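*Asks:* Fit chain P to the given chain W structure using the hints.
As given, the protein sequences belong to chains W and P, one line each in that order.
According to this note's numbering, the stretch in the first sequence is residues 6 to 251, in order.
According to this note's numbering, the stretch in the second sequence is residues 22 to 486, in order.
Think of the hints as simulated: they come from the structure by calculation, not from any bench.
What you are looking at is a predicted structure, and each value in this text was computed from that prediction instead of being measured.
The beta-carbon is built from N, C-alpha and C at its ideal position, and this holds for glycine as well.
A hint or two may mislead.
[Claimed, not checked] Which residues of chain W face chain P? A few of them, derived with a C-beta cut under 10 Å, are: (1) R129; (2) Y132; (3) L161; (4) S165; (5) M170; (6) F173; (7) T176; (8) A179; (9) P182; (10) P185; (11) G216.
Below, each chain spelled out in residue letters.
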Amino acid sequence: MLIALFADVHANRQAFEACLADSRDCGAQRVVLLGDVVGYGGDPDWVMDRVMALAEDGATLVLGNHDEAINGSASGMNLEGRIAIEWTRTELGRHARDFLAALPLTQHDGDLLYVHAEASHPERWTYVVSTVEAADSLAATQAHVTFCGHVHRPALYSLSATAKMTSFTPTTDAPVPLLPGRRWLAVLGAVGQPRDGNPAAAYCLFDTASGNLTYRRVPYDVEAAATRILQQGLPPFLAERLYAGR
Amino acid sequence: MARPLHDPGFVIDGFRLDELVHEGGMAMLWRVSKDGLDAPMLMKVPRIGEGTDPAAIVSFEMEQMILPRLDGPHVPKFFAAGDFAQQPYLVMEAIGGVSLLKRLPDLPLPYDEVARIGVKIAEALDDLHRQHVVHLDIKPSNIMFRPDGAAVLIDFGLSHHDQLPDLMQEEFRIPFGTAPYMSPEQLRGIRNDPRSDLFALGVLLYFFSTGERPFGESETLRGMRRRLWRDPKPPRSLRPDYPPWLQEIVLRCLEVEPGRRHPTAAQLAFDLSHPDEVKLTARSEKLTRDPWTTAMRRRFNTDLTTPRKAPVASQIASAPIIAVAVDVGEQGAPINAALFEVTARILATLPQARLACLNVLKTSAIAIDSTLDAQGHNKTIDRLVRLKAWAAPLKLDERRLTAHVLEGTDPAAAILEFAAANRVDHILIGARQDSFRRRVLGSVSAKVATEAPCSVTVVRAPREA
Chain W
6 MLIALFADVH ANRQAFEACL ADSRDCGAQR VVLLGDVVGY GGDPDWVMDR
56 VMALAEDGAT LVLGNHDEAI NGSASGMNLE GRIAIEWTRT ELGRHARDFL
106 AALPLTQHDG DLLYVHAEAS HPERWTYVVS TVEAADSLAA TQAHVTFCGH
156 VHRPALYSLS ATAKMTSFTP TTDAPVPLLP GRRWLAVLGA VGQPRDGNPA
206 AAYCLFDTAS GNLTYRRVPY DVEAAATRIL QQGLPPFLAE RLYAGR
Chain P
22 MARPLHDPGF VIDGFRLDEL VHEGGMAMLW RVSKDGLDAP MLMKVPRIGE
72 GTDPAAIVSF EMEQMILPRL DGPHVPKFFA AGDFAQQPYL VMEAIGGVSL
122 LKRLPDLPLP YDEVARIGVK IAEALDDLHR QHVVHLDIKP SNIMFRPDGA
172 AVLIDFGLSH HDQLPDLMQE EFRIPFGTAP YMSPEQLRGI RNDPRSDLFA
222 LGVLLYFFST GERPFGESET LRGMRRRLWR DPKPPRSLRP DYPPWLQEIV
272 LRCLEVEPGR RHPTAAQLAF DLSHPDEVKL TARSEKLTRD PWTTAMRRRF
322 NTDLTTPRKA PVASQIASAP IIAVAVDVGE QGAPINAALF EVTARILATL
372 PQARLACLNV LKTSAIAIDS TLDAQGHNKT IDRLVRLKAW AAPLKLDERR
422 LTAHVLEGTD PAAAILEFAA ANRVDHILIG ARQDSFRRRV LGSVSAKVAT
472 EAPCSVTVVR APREA
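Next up, chain W with everything else stripped away, as it sits in the complex (with noise of 0.2 Å):
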């Protein structure tokens, strides 16, 4: 079977409607959501409406530090963040709400483990930026493999049988297969807000049948997102930081 996942759609409209069309192009036949569906972005009440028809769709979700933050603390967060933050717990109804506040911090789906953030502690929001974070996570679960976000850059790590980890930046569209050997953490790119230089939204094909890990780019109309952002009032550079992917 052929799973997408997206992470950090950060209420980023078009860029969440181009992946979702071009994985259904590609054949994918699940949907997995890694948290931070809404923040930063300018069309939460859009992409809540997307994701919760998703959800009664059968698509799996998982809980991120912005969702939390909506009926929670946004204390940890920087300036925008928190503005952002704000602004969403206003624009959200009720029931919106609610589906937030009841997603659950990870989920496990046969030797598959969706988690935000580095999985031992998933509830600490950790980012997983190098092998040092990736073997604690690693550690933490009997997973085969492990998909994360909340770093809003594409990498991959693995642990061999001899307990050694490996670390690798994924070339666009050249599938990786998961050898069975070993143990992988997949830390996808961000869909609404990349942020590895390339601004183009970012999600994963993961097929269980061959054990092949694509990740994909897939280039939006950038310039409709800004606007929202600009439109609604929240920090410009929420809006400039997308052309850049930075």
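*Replies:* Frame of chain W, contents of chain P only:
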């Protein structure tokens, strides 16, 4: 733990073990068959058990990832893989030819035969590098020849694939490879420079043409490190009749700094196939090793440790072979200036590219042509001189420039044949101006553009104001 496979007749996933053909330290090779699959196949089964060298497992994993991603005549075809959880194995095409290892008792080989073997291996390497892979273990036992003569590279257990995680690099901080063939940068931990394979091929060419290994057989890290700064004895000091062109090529392959070697395997193949066109430098005649001062300076090389940023495929793409067809005959004049402009512009953006200037000497299909013209001049030499004069203002380093007068009844066919044989990446050709001649004789550029195995740029002279 997986159950060891060692009984003929054992069947796994439909593959029947027929005969054990090789038993090495890291793996066993079985000849296998399967109903519905007609091809001769080998199954590689890693030795896994108590005390298995972790390198054996990781290199098998690398091969399991890389082999299915490769295709073409220069690699064994991939059929199937079994995973580590049950029984790890790889099933691939059994190459119906011979291993280069078989030639070791005949060394040293004649120079022209060494060059021929070198061309075949360089062509296979070019093909591999274009598929994003650096082999990193080029040596006679990993090279086979198909019955049609094409070289096949086997064993990708130490290879680097640009688009896949490099498990060897991450797992082991020490270099892996075969001591006599390992390049200096590989010793320093660089695994994504395709020129490392050119170094190993240089070792092989040196060995096959002299009977001696350029860096000996030392397996110690200390012994191997000597090559980081010490150059080998020039082949001419071992065999006085060693041709200068071959020494030029072999010593260029063995340069300590990758930047001083051929930029690509295709360019190396080009030199090996055109001995007369090899630009001879001081390297070609030398009888002694470099002075100590040069060797000492190499101790401060940064080229060997600087990480390679560009992907393997773009490193290759930055050094294409460009062929320009120049009509230096009577009709060519108006277009040649325009062709020169385009050539100069393309070369300016690609400092590693090499240029082959072509001219076709049309021969009659029926009569036996004289090589002399009406005035008694040699036509081929005359054309070569004019080709070189056309190219001279490009001011190219002579190593980047060659001139070739091809003979044939059909100019387009001659150009196409040259392009295919020399792995040309881009052909530049002028369009005939005279519409009457084009109508009667057919357009050479149109045929080349239609049938070429590579990109073609058709150039026209600017319209007169």
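*Asks:* Each hint should be assessed against the structure and marked as holding or not.
*Replies:* How the hints compare with the structure:
A distance limit of 10 Å between C-beta atoms decides the matter here; for W:R129 the minimum to chain P is near 26 Å, and the interface restraint is violated. The beta carbon of W:Y132 is not positioned within 10 Å of any beta carbon in chain P (closest approach about 20 Å), and the interface hint is therefore violated. Annotation: interface hint on W:L161 holds; nearest CB of chain P at approximately 6 Å, less than 10 Å. Interface restraint check for W:S165: the shortest CB-CB distance to chain P comes to about 6 Å, inside 10 Å, so the restraint holds.
With 10 Å as the threshold, the beta carbon of W:M170 comes within range of chain P, its nearest partner Cβ sitting at about 7 Å, so the hint holds. Contact between W:F173 and chain P, as hinted, is supported at the beta carbon level, the nearest pair being about 4 Å apart and thus within 10 Å. Below 10 Å, beta-carbon pairs count as interface contacts, and W:T176 has one with chain P at about 4 Å; its hint therefore holds. A hinted interface residue such as W:A179 counts as satisfied when its beta carbon comes closer than 10 Å to some beta carbon of chain P; here the least separation is about 4 Å, so the hint holds.
Interface hint status for W:P182: upheld, as the beta-carbon distance to the closest one in chain P is roughly 5 Å, under 10 Å. Given the 10 Å rule on beta carbons, the hint for W:P185 holds: about 4 Å separates it from the nearest Cβ of chain P. About 8 Å separates the beta-carbon of W:G216 from the nearest beta-carbon of chain P, less than 10 Å, and the hint is met.
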